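Note that the protein sequences, when read in sequence, are chains E and R.
Sequential numbering of the first sequence, starting at 1, is according to our numbering.
Sequential numbering of the second sequence, starting at 1, is according to our numbering.
Careful: at least some of the hints might be erroneous.
It does not matter which identical chain is meant; a pair holds if it fits inside one copy or across any two.
What the hints assert, rightly or not - Simulated pairs of lysine-lysine, PhoX-like, Cα-Cα distance not exceeding 25 Å:
(1) K280 / K3
(2) K39 / K458
(3) K215 / K35
(4) K199 / K211
(5) K211 / K35
(6) K280 / K90
(7) K338 / K198
(8) K383 / K399
Please keep in mind that the hints were generated in silico from the structure rather than gathered at the bench.
These figures come from a predicted structure and were not determined experimentally.
There are 2 protein chains.
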Amino acid sequence: MQKKLEVYFSFRRRINAYRYIEWLLEWDQATIAPKASAKYRSEQIEVLSEELHKITSDPKYIKVVDELYENLETIEDTDLKREIKIAYRKSQVVKKVPKKEYIHYQVILAQSTAIWAEAKEKDDFSIFAPILDEIVQYNRKFVKYLQTEELKGYSVLLDIYEEGATVQKYDEFFDTIKEELIPFVAQVTKKNKFKFNKKLTKNVYPRHEQKQFSKYLTEVFGYDLSRGYLGESLHPFTSGVISDDVRITTEYEENNFTANIFSTIHEMGHAIYDQQHDPKYNGTLLQGGSSYGIHESQSRMYENMIGRSFSFWQLHYPKLMELFPKQLKGIDVVEFYKFINQAKRSLRRTDADELTYSLHILVRYEIEKMLFEGSLKVRDIPKKWRQLMQMYVGKRPLKDADGALQDIHWANGLFGYFPTYALGSAYAAQIYHAMNEEINVDSAIENNNIRLINAWLKENIHQYGNSKTPEELILNATKEPFNVHYYIDYLKRKFGD
Amino acid sequence: MQKKLEVYFSFRRRINAYRYIEWLLEWDQATIAPKASAKYRSEQIEVLSEELHKITSDPKYIKVVDELYENLETIEDTDLKREIKIAYRKSQVVKKVPKKEYIHYQVILAQSTAIWAEAKEKDDFSIFAPILDEIVQYNRKFVKYLQTEELKGYSVLLDIYEEGATVQKYDEFFDTIKEELIPFVAQVTKKNKFKFNKKLTKNVYPRHEQKQFSKYLTEVFGYDLSRGYLGESLHPFTSGVISDDVRITTEYEENNFTANIFSTIHEMGHAIYDQQHDPKYNGTLLQGGSSYGIHESQSRMYENMIGRSFSFWQLHYPKLMELFPKQLKGIDVVEFYKFINQAKRSLRRTDADELTYSLHILVRYEIEKMLFEGSLKVRDIPKKWRQLMQMYVGKRPLKDADGALQDIHWANGLFGYFPTYALGSAYAAQIYHAMNEEINVDSAIENNNIRLINAWLKENIHQYGNSKTPEELILNATKEPFNVHYYIDYLKRKFGD
Chain E
1 MQKKLEVYFS FRRRINAYRY IEWLLEWDQA TIAPKASAKY RSEQIEVLSE ELHKITSDPK
61 YIKVVDELYE NLETIEDTDL KREIKIAYRK SQVVKKVPKK EYIHYQVILA QSTAIWAEAK
121 EKDDFSIFAP ILDEIVQYNR KFVKYLQTEE LKGYSVLLDI YEEGATVQKY DEFFDTIKEE
181 LIPFVAQVTK KNKFKFNKKL TKNVYPRHEQ KQFSKYLTEV FGYDLSRGYL GESLHPFTSG
241 VISDDVRITT EYEENNFTAN IFSTIHEMGH AIYDQQHDPK YNGTLLQGGS SYGIHESQSR
301 MYENMIGRSF SFWQLHYPKL MELFPKQLKG IDVVEFYKFI NQAKRSLRRT DADELTYSLH
361 ILVRYEIEKM LFEGSLKVRD IPKKWRQLMQ MYVGKRPLKD ADGALQDIHW ANGLFGYFPT
421 YALGSAYAAQ IYHAMNEEIN VDSAIENNNI RLINAWLKEN IHQYGNSKTP EELILNATKE
481 PFNVHYYIDY LKRKFGD
Chain R
1 MQKKLEVYFS FRRRINAYRY IEWLLEWDQA TIAPKASAKY RSEQIEVLSE ELHKITSDPK
61 YIKVVDELYE NLETIEDTDL KREIKIAYRK SQVVKKVPKK EYIHYQVILA QSTAIWAEAK
121 EKDDFSIFAP ILDEIVQYNR KFVKYLQTEE LKGYSVLLDI YEEGATVQKY DEFFDTIKEE
181 LIPFVAQVTK KNKFKFNKKL TKNVYPRHEQ KQFSKYLTEV FGYDLSRGYL GESLHPFTSG
241 VISDDVRITT EYEENNFTAN IFSTIHEMGH AIYDQQHDPK YNGTLLQGGS SYGIHESQSR
301 MYENMIGRSF SFWQLHYPKL MELFPKQLKG IDVVEFYKFI NQAKRSLRRT DADELTYSLH
361 ILVRYEIEKM LFEGSLKVRD IPKKWRQLMQ MYVGKRPLKD ADGALQDIHW ANGLFGYFPT
421 YALGSAYAAQ IYHAMNEEIN VDSAIENNNI RLINAWLKEN IHQYGNSKTP EELILNATKE
481 PFNVHYYIDY LKRKFGD
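If we strip away everything but chain E, and leave its shape as in the complex, we get:
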């Protein structure tokens, strides 16, 4: 076994180097790389992917992972045990999906985002439909290759992004959301007639001062810039492959300054999670967070539960007024608080508030499920989309650009991924509840002591990196299995006011 592990480690050492540069190339491309460099860059990425694929598809590598997996019981170290399980999971794709199909799929994906962008630009789903259909077909094939006795159909995809997730579990989750939230949203949005000071949306908030405020936020939240970086990109994101280098980006829109604030806080939620795992996981498959859902739970907790709380703004609104004295003149903290917590029906997921967000995800979940059950054809997606939006969100898009074409995810081949966004919010509520049993979260926020919250999360979630499954983590941190009612209760309490 020792010899086999050494073989495994020497492969892992090489794989890590390629993952590292893959990460850096992506970071660079999304932040500062000049557009004109795209072609040459993609040619280099192609070579490097080939080199990496040579390693991960090396029969010696596949064999050693298989053998270690078959002898898992002889490995005592639980971390190493889990790592081998994950390596095995990953190697299944290389092993079971024919190389030719896999490569052709990559070629399709490389073309699809440009086609999607064109379709969205022209508001014409028929431009996107043929390539989307190919992507779905490929995913259907992959499902067939990868499915097991326990895991079939769409569940195969769900499980990739959220280990342990199945259609059955998600159905249960979304059923509760449907039952509880749809009528509640109707109630809340009916009452909501507050007229906000137009300065909030019409004034210009210069980049320079917005930058100063995001810098200020990094200090308030304890996002460690000696092991991170705050950059800028079109779509904010967090990225890193070791806890000592976790970078985030934000966006600066001069007439939508809260976009910067909440993007920064959201991404810091992801980043603090990744910065706080045990450093021993760096260079292993247990680096980073547990699942997409758990990761999203952290970003949403920081963004919504902390960052949109009244306690938070009571303390920090004066700083914002100091930076924007003219723009915010006459707007008090109560109005600002209400402004950043408006609940209203919107067409776009990215415009959705905390209350209605999961209903947008529900639409996507049901469409994906139908696609993989075979009860929906790609060309019929727009119609279904409009119908479900009307039913769940209560608003019907007139244009597909505001409907089925709004998100890039499917063009990237991401099926089974959207549901983790909703699940993350629900995890967040349960974790927040458990944290509140042990520390006074509101008082920590009021006393500018978010580090106390970070410490609790480190102790109960972050330190573990990917060494536990989502289920284990939730149980460990909250002392009970996942329960969607914390989420429902949280939303009803907050938006019931």
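For this one, chain E is given, so just place chain R on it according to the hints.
Frame of chain E, contents of chain R only:
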């Protein structure tokens, strides 16, 4: 031959990808990478260097390059011919230097900059001496491995950075400089008693406005940001491996605002050169510029001849005053022009002005020459340094931190590199003279039409990338061989006033 070329191209394709990520890793490290990531990063770089070395030392690669080189006369395309020559030159190092020694040398280099930094910090040359001695020993060995009938000793190193350069040629060059400049500097610095307004050095010039001015400069000079990027780093530099992605950095010191201005212009000189070569050279060994000297000629021409000219500031000083109205109040363009063109004896190369700069290089050249002739021992460098500084620059450092320890270059193993800095300035003067015969450079500057200068340089220098040797390029652009007297004349004219 066709088959051999195909083999060569397929190797080149892979090598390019590794060079690309090497470039990106260096860029990232020098600009935004958090310090804490250094260890993990260097481990990944180690793996990637191994992977690249596997390719460049592959006997199949060495063999195909040898065979192509031996059959050069059968290749008709002159660009391809030159590329094979360059590939052959490069492969000599891998072929002739024993792998063990090469790798050990890399390990030493990886440690040496930290040791150098400590020595400089503590002003103690004896800390740096042992590892510097090892570096010199290795370079002496490499010289032995690489020398040929025509090229021996220190000339082997000179030729690496400036193709065609030899001790004999540099001796001639520096002899003229000694003869002509040393007495001239004595004359100029004696007269120089102008007292500048203290605001120029004592006022605070905020980063934000400095950034706006560098942005303004990119437009004035026509540095194409759609194929570049203006970043920030401790030591400004230019970097890129294709003409569509040539990035520069600058520095912002709040009480030394001209550092930003002239760094930005200097690096744009490098960058515009790299942006303007024929795009067909991307992905080949003819990409980028011809030699270090030619490259430096461009950066110094933009920085000194254009950027420090009176015509330039007559036009752009109002913009500077607009950004710094309080700081520059009462300082007119004549005073500012004199301020940025002061000639004075300084201890540090990086503080040196246009007039005395080459004398600083002369000190380094003579020391390197003695080291490789064997007439100087590493431990005796500081003494020799003080002596030569007194003789040539007329100023003697009291501390080695201001003397032999000031530059990082030797810690990086760069011997034979410094002289290109002086040669570059001399090339610049000759090229500038030739350009002036064909276009009215001053009027282009006065009319905010630096694009005309860019166009001339593109036509006569830049477009060729590395497809011509420095000698060919100078002859092509100026219609005569290199002549140091243009440089002497230029300096005497400018500083004679």
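Comparing the hints with the structure gives:
1. K280 / K3: Cα proximity of K280 and K3: one copy only (22 Å, versus 49 Å across).
2. K39 / K458: between (42 Å within a copy, 23 Å between copies)
3. K215 / K35: The answer is between: 18 Å across copies meets 25 Å, while 27 Å in one copy does not.
4. K199 / K211: Classified as within: same-chain Cα gap 20 Å, cross-chain 29 Å, threshold 25 Å.
5. K211 / K35: Classified as both: same-chain Cα gap 24 Å, cross-chain 22 Å, threshold 25 Å.
6. K280 / K90: Answer is within; shortest intra-copy Cα gap is 21 Å, inter-copy 40 Å.
7. K338 / K198: within (14 Å within a copy, 52 Å between copies)
8. K383 / K399: within (11 Å within a copy, 79 Å between copies)
Consistency note: the structure conflicts with none of the earlier hints.
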